[in-house]
Amino acid sequence: MPQPKQKPYLTYALDADGKLIHVDCVSTGLACKCFCPHCKSELVAKNGGNRKVHHFAHANGSDCVGAIESALHKMAKDILQEHKCLMLPPVLQNGIETQKTFEKVEIEIFDKELCLRPDCIAYTEKDQFIWVEFKRSHEVDVKKAGKIISARVDCIEIDLNSCELDPTKVRNYIESSCEGRKWIYNHENPQTFLICNKNSNAQYHNLDDEYYFEQRMSRHIAVDEQNTIVSLYNLDEIDTNKHSYFCIACGKEVYIDVDDWGNYSFLHLDGNTPCEDDFYLHEAAKKVLYGRFNTLQKFDVYIPQIHLCEKGNQCSFFNEIDCSIAIPILYNLKAHGYDSCEIEYKFPNKLFSYDVVLKRSDDLKTAIVIIIDADTCHIEHENLKNRAIEVIVRCENDIFKLYEEPLREENARFYNFESRDIKTIPFDKVNRKILKFTLFSSGKYHLGVENCISTKKRSAVYEMIISNGYGNYKAMRQYAVLHCYNQQRVLCLCEICYYLRSVDSFYNHENICIRYKTKGTPRNPLEVMPVKCPYFSLDRNIEAILEKECCDMKFTENDLINDNGQ
Numbered sequence: 001m002p003q004p005k006q007k008p009y010l011t012y013a014l015d016a017d018g019k020l021i022h023v024d025c026v027s028t029g030l031a032c033k034c035f036c037p038h039c040k041s042e043l044v045a046k047n048g049g050n051r052k053v054h055h056f057a058h059a060n061g062s063d064c065v066g067a068i069e070s071a072l073h074k075m076a077k078d079i080l081q082e083h084k085c086l087m088l089p090p091v092l093q094n095g096i097e098t099q100k101t102f103e104k105v106e107i108e109i110f111d112k113e114l115c116l117r118p119d120c121i122a123y124t125e126k127d128q129f130i131w132v133e134f135k136r137s138h139e140v141d142v143k144k145a146g147k148i149i150s151a152r153v154d155c156i157e158i159d160l161n162s163c164e165l166d167p168t169k170v171r172n173y174i175e176s177s178c179e180g181r182k183w184i185y186n187h188e189n190p191q192t193f194l195i196c197n198k199n200s201n202a203q204y205h206n207l208d209d210e211y212y213f214e215q216r217m218s219r220h221i222a223v224d225e226q227n228t229i230v231s232l233y234n235l236d237e238i239d240t241n242k243h244s245y246f247c248i249a250c251g252k253e254v255y256i257d258v259d260d261w262g263n264y265s266f267l268h269l270d271g272n273t274p275c276e277d278d279f280y281l282h283e284a285a286k287k288v289l290y291g292r293f294n295t296l297q298k299f300d301v302y303i304p305q306i307h308l309c310e311k312g313n314q315c316s317f318f319n320e321i322d323c324s325i326a327i328p329i330l331y332n333l334k335a336h337g338y339d340s341c342e343i344e345y346k347f348p349n350k351l352f353s354y355d356v357v358l359k360r361s362d363d364l365k366t367a368i369v370i371i372i373d374a375d376t377c378h379i380e381h382e383n384l385k386n387r388a389i390e391v392i393v394r395c396e397n398d399i400f401k402l403y404e405e406p407l408r409e410e411n412a413r414f415y416n417f418e419s420r421d422i423k424t425i426p427f428d429k430v431n432r433k434i435l436k437f438t439l440f441s442s443g444k445y446h447l448g449v450e451n452c453i454s455t456k457k458r459s460a461v462y463e464m465i466i467s468n469g470y471g472n473y474k475a476m477r478q479y480a481v482l483h484c485y486n487q488q489r490v491l492c493l494c495e496i497c498y499y500l501r502s503v504d505s506f507y508n509h510e511n512i513c514i515r516y517k518t519k520g521t522p523r524n525p526l527e528v529m530p531v532k533c534p535y536f537s538l539d540r541n542i543e544a545i546l547e548k549e550c551c552d553m554k555f556t557e558n559d560l561i562n563d564n565g566q
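UniProt numbering puts the sequence shown at residues 1 to 566.
Be a bit skeptical, because a hint or two may be false.
Derived DSS-like pairs (lysine-lysine); straight-line CA-CA distance at most 25 Å [stated by the list, open to error]:
id	residue 1	residue 2
1	532	519
2	7	147
3	252	334
4	77	147
5	298	311
6	423	401
7	112	126
8	84	46
9	100	135
10	456	350
11	77	104
12	74	100
Treat the hints as calculated values from the structure; they're not laboratory data.
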């Protein structure tokens, strides 16, 4: 049976000089002349007997909740100032801790510039310094943390909640342990604290009595009171001493949070559940594009332009859809007359607004619509008459790309950007795939997808290139064999033979010649492909079916023997 946890006692108090002193080192009762570290009330020393733990109590009988915490807080500061040694947490994730000895340590020195009073300032031999904050019931205030980060002051926070009010244990915890501490800021590599931690702000939900873990996206983008976009990935933009920051999506005030590994993120100040991730990404993308258009001299977009195969109609199986490729061409939209960018713009006589619209003055016909796809809404481009760009965002990294990179097919879809001047491209660049039936001199054949510029196979005597109607490969193959049969070409005809049967066994599927036992024909003729079988009989049912299924099939054929003059 577990032992009940012993009630903590106030065993240290402040003497007349404001220094901590143990209860056994003072006179009994009011003669101790000691005061509470928290409320500064007069104490009595209960150290006269042996039955109970010696401790201090308030002379007025009050129960001061913060007395032990305040005593522990002061003890930690005094120990650090006296021994000048501290175990620093790792700067990098998976890094190593470092025990550091300082030249001097000052306690509660007021910083006039930041209007802050750190618990301790520890100085190195090079006159560099680190702020040390000891956490009791509350961590470093969010406003205070923001000022520290903005001022680029190296600062660590040490959690004392697991410590007992014992100077030996407190000293060992400060100097030899790395538990319960984190960097608020470290100048050596501030970017290491900006690692996106998707588990931050995670919430649990009960669904059908089963708990599932919903991951919230860490947020590193916000706006200040001037609606200027700032990012925690660029700390030079952040100054909480001069600015307040707000959620880029819902507009509520946010603060800079630092997790146990020193990773920064923006959290809502009111402590409520943050707005949904897709809403955050959607609004951030809109405002980033708007800000980029209005602050940069260029607004570059890689627009895909159709290039047709140079052979064009010279090729018997040419068509504009399959024999073309889209090549992204860089356009500076500002150089093409686009001079205004509006958010949530509604066209006349329209019931809804678009995320972003780029315009040439008031010319609405040439306006470009930009719609943000944050995995919740998708554009119905069939109903759009204007040119449209659908920007795809799935994570914060997609937002940061919008800062620096032009829109392109990797992160956007383009609609209605038909080019008036269709260009051509060498046929070997098109790389169109075609369905080709090849007959070899042995009478064997093959049907498969190949490149349109693939070279002639050795011993091939005939080719049929099928330009449409892909799908039923078996019917395509049978049609090609039947076509060759009607042309009296020499090949294996088992594919269209009346005696070929499809048989399903327990283990596999087989195509069997039903005359293999009586006439000695191959059991699986499609595997060996015999030529000029004396028992061949055309399956008229297959012939009738193929006439219906393949009546619209288009193909070109090449007699390779005649072409090569053989």
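### Query
Which numbered conditions among the earlier hints are violated in the structure presented, ordered from lowest to highest?
When the structure is compared with the hints, numbers 2, 3, 5, 6, 8, 10 turn out to be violated.
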